[in-house]
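Guided by the hints, dock chain B onto chain A, whose structure is given.
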Amino acid sequence: DIQMTQSPSSLSASVGGRVIITCRASQSISGYLNWYVQKPGKAPKLLIYGASSLHSGVPSRFRGSGSGTDFTLTISSLQPQDFATYYCQQSNSFPETFGQGTKVEIK
Amino acid sequence: EVQLVQSGAEVKKPGESLKISCKGSGYSFIDYWIGWVRQMPGKGLEWMGIIYPGDSDTRYSPSFQGQVTISADKSISTAYLEWSSLKASDTAMYYCARRTARFYDSIGYYSFDYWGQGTLVTVSS
Chain A
1 DIQMTQSPSS
11 LSASVGGRVI
21 ITCRASQSIS
31 GYLNWYVQKP
41 GKAPKLLIYG
51 ASSLHSGVPS
61 RFRGSGSGTD
71 FTLTISSLQP
81 QDFATYYCQQ
91 SNSFPETFGQ
101 GTKVEIK
Chain B
1 EVQLVQSGAE
11 VKKPGESLKI
21 SCKGSGYSFI
31 DYWIGWVRQM
41 PGKGLEWMGI
51 IYPGDSDTRY
61 SPSFQGQVTI
71 SADKSISTAY
81 LEWSSLKASD
91 TAMYYCARRT
101 ARFYDSIGYY
111 SFDYWGQGTL
121 VTVSS
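Protein sequence lines correspond, in order, to chains A and B.
The first sequence begins at 1 in the working numbering and counts up one residue at a time.
The second sequence begins at 1 in the working numbering and counts up one residue at a time.
For reference, chain B alone in the conformation it holds in the complex:
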């Protein structure tokens, strides 16, 4: 069974650093992209970026480039989302998700087919 298990909720102060995790199991972790999605309170889904654990190829949304760092440790099947200096506006639920390709006529259609349970990050002084 494919599972993505995220680390627990965090309460931090502005300016602090944070690294949250997403551990994959039930599939070959290095063969699928992992994505991170932000959901601010009462708002919609925002695509932050993705990483391919096999070679650490990483793509960021311009909105999040330079604001966060996405990484992965394939030896423990875990992806990470990291902040060096949190802001109150980083308060949100963060989801990781597995990005899967399905091929039809040699065309790959990508989607997030499995999701973690979410990690709530609260940044408040």
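Isolated chain A, as found in the complex:
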């Protein structure tokens, strides 16, 4: 299985601030990387697919980048509704493993 490692596991940030979450794959996954967001008690939602393409309806303050083994999710101008847990997922090969998650909390 491909291991996905996110960092940090949690972070505190202010409304209006910028957040960067990284995701590293244990082997090259080209651009087969997705990002999801999950709020407490809710199902995850897709944010970004193919490393950098925004899913329909996702605000432009979310940006994904990277290829190979190293990827980042950047949230510029953090909004109150962005405080949640973020997961990366590789879709290069089965099983399509997830990272362990990064919890973004209010500073």
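Simulated from the structure, these hints should not be mistaken for lab results.
All residues carry an ideal CB built from backbone N, CA and C; glycine is no exception.
Check the hints yourself; a few may be wrong.
Example chain A residues on the side facing chain B (calculated, C-beta under 8 Å, incomplete) [as the list claims (entries may be wrong)]:
no., residue
1, S28
2, Y32
3, N34
4, A43
5, P44
6, Y49
7, G66
8, A84
9, Y87
10, G101
Chain B in isolation, oriented as in the chain A frame:
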């Protein structure tokens, strides 16, 4: 509107069997993979497996192979996740999700674009 509606919460005893469901609507059910994802209490997401309802092609994570059975009935646009003998460690929220491919330069990028609301399974004696 694409929707995945899952069956309700279940409370079971160890050793019992269980089958939970995920009904798709608003799209052609047979043309998209459906996946199952486990989330244990306070933990992250785990990819369990996927099924293609059009031909019932199924792929499992090695971690879940032999522990669960994924199936689908395309006549009623419903996918299933089944246990033959539950354990306390199966206590978790289970999500189904539609797996969609988007193609760029003939390369398919797969992701889970629509999710069910989740089914909480509690296994306790």
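Hint-by-hint comparison with the structure:
no. : hint : result
1   : S28  : violated (14 Å)
2   : Y32  : holds (6 Å)
3   : N34  : holds (4 Å)
4   : A43  : holds (4 Å)
5   : P44  : holds (6 Å)
6   : Y49  : holds (4 Å)
7   : G66  : violated (14 Å)
8   : A84  : violated (13 Å)
9   : Y87  : holds (6 Å)
10  : G101 : holds (5 Å)
Hint check: violations occur at hints 1, 7 and 8; the rest are consistent with the structure.
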